[in-house]
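*Asks:* Each chain is listed here by its residues.
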Amino acid sequence: MPGKLIGIDLGTTNSCACVMERGKYKVITNAEGSRTTPSVVSFTDKGEALVGHITQRQATNRRRARWEA
Amino acid sequence: MDSTEINGSSEPIKGDENVIDLSSDTSGDASDLQTFADGIADLIDDQGNADSASELKALKSRVKELEDSLHSEENKYARLFADFQNLRNRTSKEIQLGVELAVKQILLEVLQILDSFNRCLTSTYQEVTDFRTGVGLIQKQFYDALRRLKVSEIEIQIGDTFDAHVAEALTMLDTTAYPEGSIVDICEKGFRIGDQLLRPARVVVARGNNSPENLM
Numbered sequence: 014m015p016g017k018l019i020g021i022d023l024g025t026t027n028s029c030a031c032v033m034e035r036g037k038y039k040v041i042t043n044a045e046g047s048r049t050t051p052s053v054v055s056f057t058d059k060g061e062a063l064v065g066h067i068t069q070r071q072a073t074n075r076r077r078a079r080w081e082a
Numbered sequence: 676m677d678s679t680e681i682n683g684s685s686e687p688i689k690g691d692e693n694v695i696d697l698s699s700d701t702s703g704d705a706s707d708l709q710t711f712a713d714g715i716a717d718l719i720d721d722q723g724n725a726d727s728a729s730e731l732k733a734l735k736s737r738v739k740e741l742e743d744s745l746h747s748e749e750n751k752y753a754r755l756f757a758d759f760q761n762l763r764n765r766t767s768k769e770i771q772l773g774v775e776l777a778v779k780q781i782l783l784e785v786l787q788i789l790d791s792f793n794r795c796l797t798s799t800y801q802e803v804t805d806f807r808t809g810v811g812l813i814q815k816q817f818y819d820a821l822r823r824l825k826v827s828e829i830e831i832q833i834g835d836t837f838d839a840h841v842a843e844a845l846t847m848l849d850t851t852a853y854p855e856g857s858i859v860d861i862c863e864k865g866f867r868i869g870d871q872l873l874r875p876a877r878v879v880v881a882r883g884n885n886s887p888e889n890l891m
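As they're listed, the protein sequences go chains A and B.
Counting along the first sequence from 1, when you hit position 69 you're at 82 in the working numbering, and nothing is skipped either side.
Counting along the second sequence from 1, when you hit position 50 you're at 725 in the working numbering, and nothing is skipped either side.
Hints are computed from structural coordinates only; laboratory data are not their basis.
For clarity, every value in this text was computed on a predicted model and none was experimentally measured.
Check each hint, because a few of them may be wrong.
[To be verified] Partner residues aside, some chain B positions facing chain A, computed with beta carbon under 7 Å:
#1 GLY834
#2 ASP838
#3 ALA839
#4 ALA844
#5 THR846
#6 VAL879
Just so you know, even glycine gets a beta-carbon here, dropped at the ideal spot from N, CA and C.
Work the whole structure out from these sequences, hints included.
*Replies:* Printed below as a string of structure tokens:
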């Protein structure tokens, strides 16, 4: 099969992505260097979507944080 | 197509050992193709068609040339693949070694601070303020160690607007003393290592009195 093969585990709490390179798997880290990403998203007043840890950090702000999986 | 179609008669041609059984699939067998070409060339030679024979000879030569090129490329690929595997294994070991060295560097800094705490606890003090001063010096030593490890404190203050990029909201507080969405209290300081976030600050965020607690 040509091209890259990527697997995504979209879990209810955390998500993880992995790519196969030469028969070996490699977990892809997110922008903060973490191998898993919380399965949450929030939207700013400007409509910008924030995903993962940054949304988790403002989870108490229920006006903006939306828990989704 | 069989030998009878080649020579137009039902008798087998001279040199039976050169006849190829075309009922078998020889499409992927270059050596059989060469043998077949040899047979055709010899046959045409026998029939006096010199030009076609030379053309077939040229094709045979081209097949040989392509085979040699293919073998060369296969060898090159095998060597490159082996080099790549070696490089990957070597890189993996170097990364592991780098991690171990970094951990050692951090632990050496921490051990110095541990020594200071040991001296602090084994000393006697006449005043509590003397003890406090000593602990303050250890704190300064810790901050100096963090600076050497390229760790810096995130500069936020009470009253700043909450920013989820550098802070984590522990809870929200109903208050009119600060604007909605601003920091009311800093429970734990945040730190960066280089340009990256190491640990976000943990803060309390102001929630305006008129804001609904939960719109969901």
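*Asks:* Going through the earlier hints one by one, which of them does the structure break, listed in rising order?
*Replies:* 1, 2, 6
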